Each structure stands twice: as C-alpha cells, then as structure tokens.
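Input sequences plus hints: build the corresponding full structure.
There are 2 protein chains.
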Amino acid sequence: MTPDPKAETIDWFAARPGEVAVDLPAQFDAGLYFIGRIRTPWTKREDCPKNAGESDAVCTIEVDPRYAKALDKVETCTHLIILYWMDRARRDLVVQTPRHYGEGRGSFALRSPVRPNPIALSVVQLLKVEGTTLSVKNIDCLDNTPLLDIKPYFASVDSKPDAQVGWHRDRNKG
Amino acid sequence: MTPDPKAETIDWFAARPGEVAVDLPAQFDAGLYFIGRIRTPWTKREDCPKNAGESDAVCTIEVDPRYAKALDKVETCTHLIILYWMDRARRDLVVQTPRHYGEGRGSFALRSPVRPNPIALSVVQLLKVEGTTLSVKNIDCLDNTPLLDIKPYFASVDSKPDAQVGWHRDRNKG
Chain A
70 MTPDPKAETI DWFAARPGEV AVDLPAQFDA GLYFIGRIRT PWTKREDCPK
120 NAGESDAVCT IEVDPRYAKA LDKVETCTHL IILYWMDRAR RDLVVQTPRH
170 YGEGRGSFAL RSPVRPNPIA LSVVQLLKVE GTTLSVKNID CLDNTPLLDI
220 KPYFASVDSK PDAQVGWHRD RNKG
Chain B
70 MTPDPKAETI DWFAARPGEV AVDLPAQFDA GLYFIGRIRT PWTKREDCPK
120 NAGESDAVCT IEVDPRYAKA LDKVETCTHL IILYWMDRAR RDLVVQTPRH
170 YGEGRGSFAL RSPVRPNPIA LSVVQLLKVE GTTLSVKNID CLDNTPLLDI
220 KPYFASVDSK PDAQVGWHRD RNKG
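Keeping their order, the protein sequence lines are chains A and B.
Each step along the first sequence adds one to the number in our numbering, with nothing skipped, and position 7 is 76.
Each step along the second sequence adds one to the number in our numbering, with nothing skipped, and position 120 is 189.
Read the hints as simulated data drawn from the structure, not as lab findings.
This structure is a prediction, so every number in the text was calculated from the model and none was measured.
Where a beta carbon is used, it is the ideal one built from N, C-alpha and C, also for glycine.
Incorrect hints may have been included.
In the DSS-like style, the derived pairs of lysine-lysine whose C-alpha atoms are separated by at most 27 Å in a straight line are [said to hold, decoys possible]:
id	chain 1	residue 1	chain 2	residue 2
1	A	Lys138	A	Lys206
2	B	Lys206	B	Lys138
3	A	Lys138	B	Lys119
4	B	Lys197	B	Lys119
5	A	Lys119	B	Lys119
6	B	Lys206	B	Lys119
The calculated label-pair distances, taken between Cβ atoms and stated as ranges, are [as the list claims (entries may be wrong)]:
id	chain 1	residue 1	chain 2	residue 2	range
7	A	Leu93	B	Asn213	18 to 26 Å
8	A	Leu93	B	Asp156	30 to 38 Å
9	A	Asp125	B	Asn120	13 to 21 Å
10	B	Glu172	A	Gly87	13 to 21 Å
11	B	Gly235	A	Gly171	41 to 49 Å
Here it is in structure tokens:
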C-alpha cells in the first residue's frame, strides 16, 4: 500500500506560525474499510460545532447493509463510541496552533482531526436503531464522513469523570 | 491498496456455533501508519486481562521519535485515549459468540478485537512521560501491539457515568 501523494501534499506547508510538519513514512502499515457514512446537517467545516457536546442536533449513522448483523444488541446501549475518518485532514503536522488557543500544541494533546492517523472519536447518545440506520446525538463531523467502527460504551472502563487536561484547564489563567 | 489475502483467510470458517462471517470488500479505502508500539507483560492472548480495568500493571507506550513533538503538553493530561491495531484479529465476523457469554452478539455490540476495522480503544491513566515513552495503567493488549493514536481525555465530552450496555447488564438475569 502506497500513500496517495496528492492526499499527502495538500496544505503541505505550515499555515500558521509555530506549526511543525514532519515527513510521513513512504508506506502505509495497515488498511481500513469504510463501513458506512455519518449524515449530519453540516456541509462546511466552519459550520461544524467546535466539539461534540456543543450540539443537540440528531444525526444519523448509515451502516453498510453488508454489516447489518453486526448491529445485533446495539439497540440495548444508551451510549456508543463512534470512530470515523477525517478524510480531509492533513496528516503531517506534529505541532498545531488552533485558532481559538493561539499557541502551538502537540497533535497528541489535541482532539483536532489533523494527526498521523485522522481517526476521530465521539461518544454519542443512541436514540434509535432502525434497520442499519442509527439516530444519535452529540456528533460534530461533516455530512457524509466515512464511518470506521461502532463500540458499546462501558461506563466501568470508559468513564473517568475526574480526568483533567491540564493545558486546557489552565489556558485562561496567569 | 489491496487487502492481503493471507491476512483475510486465517480462521476464515466460523469457529463457534452461531457465528456469522461476511465477504469483506476487495479494496481498502484508507491507510494507517503505525506510530509506535505498546509494551506490556503479556505475550500470549490467554494471558491478557479480559478488560483494561482488570489489571494495574504499568505498561509503556513507545512513540516513534518522528512524532516526538506531537507529545508536547500530553504530560498535562491525567488520562488519555489510546487507539491501537489488533493485527492478529480476523475482520470478517459480524456475529460472535464470546466464550464467557455463550450466545451470539453483533460485533458492534462487543469490544472484541474481531471487527471490520480492528481498532481497539483504551482509556488509560497517564503516570509519566519521558522523552517519547509514556508510562500508563489500564491497558490490556499483547506486547508489541502497534499504536495508532493518542488523544487527551476530556471528561466534559468523554465521561458518561450513567451509560448502560443493556445486554451486558441483563446477562445474568432471568
């Protein structure tokens, strides 16, 4: 598998002061299947909510009928972890300067779609399953975003109410 | 990108009663880079903890030095979301019969590594960052598992303490 050079060169040069790009490996190590699409009201990046908690819009997840049986018992879950592919994001930036923070930060300290593997994650509330279509709340991606995975959310291992992101908590201090 | 036929045919036939396999697409849709390795005490599948909360072992995440700068500010996080690649899992089963439940369930209702895209997810407690090595607790994978991504855990959007997985909650009733 060879990376698509076009995909890798879009926006190659760092766009904002302080941003740092690296050379990515010449080959991919593994391959992904798109298993469905996420349908949302947002067709332009600037219209998307800044984070998944910001919007109450009901969105739908359309799973490829090939995987219909994999949805058995999903309807018993109140919350799901959704993994999806940010196919328009550049992958080579290791330090980014998000507009609303104004200071460089490592990509692994951010939830930005820009990262070596642009897999995004949202914890959604499940409202309804009809056939291979799921209605959910709390997702923030562009309409037609490729779906990668659906997982049950287990509070026993996934919920950490006391977790802190220090740089974010302190960003308006001192 | 063409799937490796060998990888796709291992254990092709359903091994347990009630399991269902599907034909996977002929082509991958996107490619992943392995960005590091997860070092754990477990070298055989049967030694791994059943879930990430079950073990207090300190494990290390070794990030490829290429991405060193992407770790800036990660040390300010108490918890991280780790995505990794379950490279030994078959991808074609849509209904599985986990040994300890004894009944078929859809892959998307399970946290099993067996799924069309075998991306696993653990919420870990971060103990220490030294260079490109992270010490963490609460991960359950085999030694040398390929790393895909590191994300800060934001309690505001990621923590759902009241979430329920109905089939799991009810499995010992009636």
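Each hint tested on the structure:
{"no.": "1", "hint": "A:Lys138 / A:Lys206", "in the structure": "holds, 23 Å"}
{"no.": "2", "hint": "B:Lys206 / B:Lys138", "in the structure": "holds, 23 Å"}
{"no.": "3", "hint": "A:Lys138 / B:Lys119", "in the structure": "holds, 24 Å"}
{"no.": "4", "hint": "B:Lys197 / B:Lys119", "in the structure": "holds, 25 Å"}
{"no.": "5", "hint": "A:Lys119 / B:Lys119", "in the structure": "violated, 35 Å"}
{"no.": "6", "hint": "B:Lys206 / B:Lys119", "in the structure": "holds, 15 Å"}
{"no.": "7", "hint": "A:Leu93 / B:Asn213: 18 to 26 Å", "in the structure": "holds, 22 Å"}
{"no.": "8", "hint": "A:Leu93 / B:Asp156: 30 to 38 Å", "in the structure": "violated, 20 Å"}
{"no.": "9", "hint": "A:Asp125 / B:Asn120: 13 to 21 Å", "in the structure": "violated, 31 Å"}
{"no.": "10", "hint": "B:Glu172 / A:Gly87: 13 to 21 Å", "in the structure": "violated, 54 Å"}
{"no.": "11", "hint": "B:Gly235 / A:Gly171: 41 to 49 Å", "in the structure": "holds, 44 Å"}
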